[in-house]
Amino acid sequence: MSVRRDGSSRFGPANQWGTFPAFSLGWRLSQESFLQGLHGLSDLKLRVGYGKTGNQSFGNYQQFAKYVLGDAQTQMQFGNTFVTTVRPGAYNPFIQWEGTNAFDVGLDYGFGGQRVTGAIDWYNKQTSGLIFTVPVCAGCGLSNFNQQNIGKMRNRGIELSLNAALLDQRKTSGLSWNASFTAAHNKNEMLQIYASQGVTRVLTGLVAGGVGTFIQVLQPGQPINSFYMLQQKYDAQGKPIQGSYVDQPTVKDTVACPASPTCGGPGRLYRPDGVINQDDRRPFHDPAPKWILGHSSYLTYRNFDVSFTLRAYLGNWVYNNVASNLGTYSEVTRASPYNLHASVLNTGFTTPQYLSDYYVEDASFLRLDNITAGYSFNYRGQPMRITGTVQNVFTITGYSGVDPTAGLNGLDNNIYPRSRTFTGGLSVKF
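Residues in the sequence shown are numbered from 10 upward in steps of one, following the numbering used here.
There could be a bad hint or two in this list.
Between beta-carbon pairs, the in silico distance windows are [as the list claims (entries may be wrong)]:
1. V284 to S18: 44 to 54 Å
2. Q206 to S39: 47 to 57 Å
3. V208 to V92: 34 to 44 Å
Calculated lysine-lysine pairs in the DSS-like style (CA-CA distance at most 30 Å, straight line) [to be verified]:
4. K54 to K196
5. K134 to K161
6. K134 to K61
No lab work stands behind these hints: they were computed from the structure. Treat the numbers as computed from the prediction; the structure is a model and nothing was measured. No residue lacks a Cβ here, since even glycine has one placed at the ideal position from N, Cα and C.
Full structure from sequences and hints, please.
Pasting the structure below:
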């Protein structure tokens, strides 16, 4: 059990201090008499824990009013002299600690004299005072964004791990194999947007192209940074129709409508209004993977050894901003034309369609992160070792972009992709 009292000068005087308690309990079941005779069980421990943590991960001096230099391309002219402007910057003297209350229940296990070990964990984390950089209202200042405590969110999930010595014949055939497996599932949900924000949702995810184009949302009941898109319509050949989107039921109807494709079902109290606008946008998937899987192996055979690491993300989605920004025929008519993105051959778009859910793609993948091979030997009585390593060996994915992990928070905006690296080494001891 512990209690921390932390202070940070990043907050204003009234909010500098936070109290963060924690406790944990453990019960080693394998030492109890009722499990002593269980064959093969070498360890079994039940864990329960609770803790509150604080987050102050934002820029310095956010609580102070300050001046910042304006855009160097936007200057004031005094005669023949051009002067860079200085303007008030965004600040928030009321920003508070972001606090997360986490509850965890876990089970550690071991079998066969600890030849097989692992853990199972379930957790529930609720965050209040969520700190986020959000757009400010028009006329609220000379900055577009500010950091605020905007609401509450929750993360719940399960984590599994398994470590096993699958083979151990080093004394006979010289072969051994140790492996580990991990799996994690997390469900994220925005619980509340504070009334002080004056809105029921907060737009995030600024993308390249257009002016102030945000394609993600913080909305209660939805995962954080869910994509907030218009539902694309397609022709009979499956080709997206430019500027044609589904008119969502957004207008409250006084009469319960019958079941129909346009009404949505008997008794539905909302109907389409016949106009495509911002009200027709809907949360559409989110960038966080539903499952994260991992596997690593270490194999030896006499003086040779090989190790590798596999990783898989399942159910994560990415907005292909490269395609939405450059995948239109209008790019060739610019004064400085850009190369077209290949997606234009599938869409035929002549103007950008930034809010189309066509550009939100399933970016699930399997990646061999690294593989290392080595050979150990003696030369004139001295130990030596030769190694070779490849990083980012291969990636299997259906995502059309260059890298399913290139985007930040699910936004692929021409990010430089991971490189494949080859490394060789020679270790000599004298």
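Results of checking the hints against the structure:
no. : hint                    : verdict
1   : V284 to S18: 44 to 54 Å : holds (50 Å)
2   : Q206 to S39: 47 to 57 Å : holds (51 Å)
3   : V208 to V92: 34 to 44 Å : holds (37 Å)
4   : K54 to K196             : holds (26 Å)
5   : K134 to K161            : holds (11 Å)
6   : K134 to K61             : holds (9 Å)
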